[in-house]
Amino acid sequence: MKDSEIIERIQGLLGGRVLAITNPSERRIFMTVAPRDLPDAARALRDGLGFAYLATISGVDMGPVFELLYHFANAHTCLSVRTEVPRSDPRVPSVTPVIPGAILYEREIQDMFGIVVEGLSDPRPLILPDDWPPENYPLRKDWKFTRPEERIPGGSS
Amino acid sequence: MLNRLVRWSRKKSPWILHLNSGACNACDIEIVAALTPRFDVERLGVLLKATPRHADVLVCTGPVTRQIKDRIIRIYEQVPDPKFVVAVGACAMSGCVYRGAYNVEGGIDQVIPVDAYVPGCPARPDAILDGVVKLLGKI
Amino acid sequence: MKIQIPIGPQHPALKEPISLRMTVDGEVITDADLRLGYNHRGLEKLAEEKTWIQNIYLTERICGICSHSHATCFVQGVEKLMEIEAPKRGLYIRFLVAELERVHSHLLWLGVAGHEAGFDSFFMYTWRDREVVMDLLEMISGNRVHYAINTLGGVRRDVDDALKGKILGSLDLLRERSRYYLMIGANEPSFTGRLANVGYLSKKDAIDLCAVGPTARASGVAQDVRKDDPYGVYGEVPFEVCTADSCDVLGRTVVRVKELLQSYNIIEFLLRNLPPGPVAVRAPRKAKPGEVVSRYEAPRGENIHYIKSNGTDKPERLKVRAPTLANYAATIKMLKNGFIADIPLIFAAIDPCICCAERTVEVVDARSGEGRVLRFSDLRRAAAARQKNVSRKGDAEWPF
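These protein sequence lines are chains A, B and C, in that order. The numbering of the first sequence is the working numbering, which starts it at 185 and goes up by one. The numbering of the second sequence is the working numbering, which starts it at 56 and goes up by one. The numbering of the third sequence is the working numbering, which starts it at 3 and goes up by one.
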């Protein structure tokens, strides 16, 4: 199936919930939805077009919003679904009822950005250490890290 | 007399424990490759052991991540005296590319005292053997 | 009587430190829990402070076994952002090294699987053959691991005719040895008896939990990025996607050996059809603003990088998802309803970018609170002893 056919079928399935859709190169489609429409869009994509495989969820700190991208793929193309979550109220519904394998990726964005994913069955932190101070989200642009002084054994630092 | 025997056997047959503190695995594979028929470290009497209580030499790789720091100190304390630590690879020496990252302490010597350093990214198996032999010469 | 067993993070052989906590009831695992983060080095934040060329060095060191996969995936994405195209000869050399890396990684895994199944001779044989591949890689690039052969716009070194002849000569030796391993894997009853019906993952679970690589292909899901989304030279190189239907560790072994044989064919095709010309083009310092998704089939599964640029010479965001992370959810599913003695085999079967090991396991009795320390070699020996007395795993008599 070519990209243009897939774009038509997506617009047929989701209609007005698709806020924007682009096809910058072969086999890469980017589309935008609102955060509350995410689980329905994921279900329609999985049942209607065969996008059952979620590769990963990436996030970018754009200042006033966090931009989250859900990368889906099937045998013909790779589709990335973009949503924008405001920094003042970072919440997004979980897609694990539709795609059970998404749980690790959602725990990771909780750790790294401080976005609250609603409806997670297991909301523990995934990769930050046990003694990490809370409310420190490493991938936000305004979070800086200064390295402590290094100890050189047997010499002067 | 018994002391001389013990010291001779410690020098001729060191048992090692391999510790990975968050490395990319390249140095770890080169350590295991040192056991394979091409480099064959077992002819020197070196055995790879499972538990810290049996080991003489701790071979460490990797920049120390914050999560594993306490465990390394705990394992170091479990190794019976006299013990020696070899830091293999550029990451274990000073952090290699990861210096300055928020979860990384720097080399192994920020956490436990080190006796020998083997540079390289990754260190070749022959270089690791050379490092262990030089360490034994110091004992 | 429920007992919780912690495994990790220190395991003496290879392994990224990782902590598993199993709840067991007798010998059956009822629940498994994962604690990641021992190997979290903060790479994505570091990458935002380094230029594009420095980031090639950084992405190579994400993993030691599949270092070329990460570097190539990154370079592919950045070349698309900068709108440059590597010349044909450069692409052929890049993917020649990529297939040699796949060969070395699968031979490594075969040895590790043999070691976990108790078959140490197999371990020594496969790693001895792996040394042949390491020598070839050293002749091409100068280092056994972390080849650093990629650069923005092509590759850094060329392959001459003498080297071509040597690689083709070694391929014959490797082919013969791999066919021998396929024969062992399919016919040796003690080996197949140890691997069959262990770590069962049904096709529906493999699709639901988003498994990738040979783990998914052994459950019948024919998913391979080289066929679905051809990048580089895979549009013109003929090869087949290898699958198996048995959904267990034996299926994964068979899939990997078949992929080895396919890789030899690909390497031969690339060498015989190497086009003349330059190996690299000049790349600009800054990349145009934009975003790109780059996918690559690493030996363990699908590797995906998302790169976003804002017009300067440093990336705005680099997101890396390695294939082993995608297989963790499937591993937890496989561990449930398995036996304790199968833990090392199941975990090694997804080919974690952390290879097998001996670990100390501490069994704490929930009621009395006393602990005993078992070594993995004890567990392995106990499993092997039990295997001798049963013809099929499903008919095992419970000792409790």
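In short, the hints are calculated from the structure, not lab data. Where is the CB? At the ideal position from N, CA and C, for every residue including glycine. Hints may contain errors.
Covered by chain B, per the in silico footprint, the following chain C stretches (three or more residues, Cβ under 8 Å) [claimed, not checked]:
1) 62 to 74
2) 92 to 100
The calculated EDC-like cross-link candidates involving lysine to aspartate or glutamate, where the alpha carbons are at most 20 Å apart (straight line), are [claimed, not checked]:
3) B:Lys124 - A:Glu268
4) C:Lys290 - A:Asp187
5) C:Lys310 - A:Asp314
6) A:Lys328 - A:Asp315
7) B:Lys124 - A:Asp306
8) A:Lys328 - C:Glu51
9) C:Lys310 - A:Asp326
10) C:Lys166 - C:Glu133
11) C:Lys310 - A:Asp315
12) C:Lys90 - C:Asp160
13) A:Lys325 - C:Glu50
14) C:Lys310 - A:Asp306
15) C:Lys310 - A:Glu251
16) C:Lys229 - A:Asp314
17) B:Lys124 - A:Glu333
18) C:Lys52 - C:Asp315
19) C:Lys338 - A:Glu192
20) C:Lys229 - A:Asp245
21) C:Lys82 - A:Asp315
22) C:Lys205 - A:Asp231
Reference listing, derived: stretches of chain B covered by chain A, where coverage requires no fewer than 3 residues with Cβ under 8 Å from a Cβ of chain A [as the list claims (entries may be wrong)]:
23) 91 to 100
24) 155 to 163
Outcome of the hint check:
no.: 1; hint: 62 to 74; verdict: holds (count 6)
no.: 2; hint: 92 to 100; verdict: violated (count 0)
no.: 3; hint: B:Lys124 - A:Glu268; verdict: 37 Å, violated
no.: 4; hint: C:Lys290 - A:Asp187; verdict: 24 Å, violated
no.: 5; hint: C:Lys310 - A:Asp314; verdict: 31 Å, violated
no.: 6; hint: A:Lys328 - A:Asp315; verdict: 18 Å, holds
no.: 7; hint: B:Lys124 - A:Asp306; verdict: 26 Å, violated
no.: 8; hint: A:Lys328 - C:Glu51; verdict: 11 Å, holds
no.: 9; hint: C:Lys310 - A:Asp326; verdict: 18 Å, holds
no.: 10; hint: C:Lys166 - C:Glu133; verdict: 18 Å, holds
no.: 11; hint: C:Lys310 - A:Asp315; verdict: 31 Å, violated
no.: 12; hint: C:Lys90 - C:Asp160; verdict: 12 Å, holds
no.: 13; hint: A:Lys325 - C:Glu50; verdict: 10 Å, holds
no.: 14; hint: C:Lys310 - A:Asp306; verdict: 30 Å, violated
no.: 15; hint: C:Lys310 - A:Glu251; verdict: 12 Å, holds
no.: 16; hint: C:Lys229 - A:Asp314; verdict: 41 Å, violated
no.: 17; hint: B:Lys124 - A:Glu333; verdict: 17 Å, holds
no.: 18; hint: C:Lys52 - C:Asp315; verdict: 8 Å, holds
no.: 19; hint: C:Lys338 - A:Glu192; verdict: 42 Å, violated
no.: 20; hint: C:Lys229 - A:Asp245; verdict: 34 Å, violated
no.: 21; hint: C:Lys82 - A:Asp315; verdict: 40 Å, violated
no.: 22; hint: C:Lys205 - A:Asp231; verdict: 17 Å, holds
no.: 23; hint: 91 to 100; verdict: violated (count 0)
no.: 24; hint: 155 to 163; verdict: holds (count 5)
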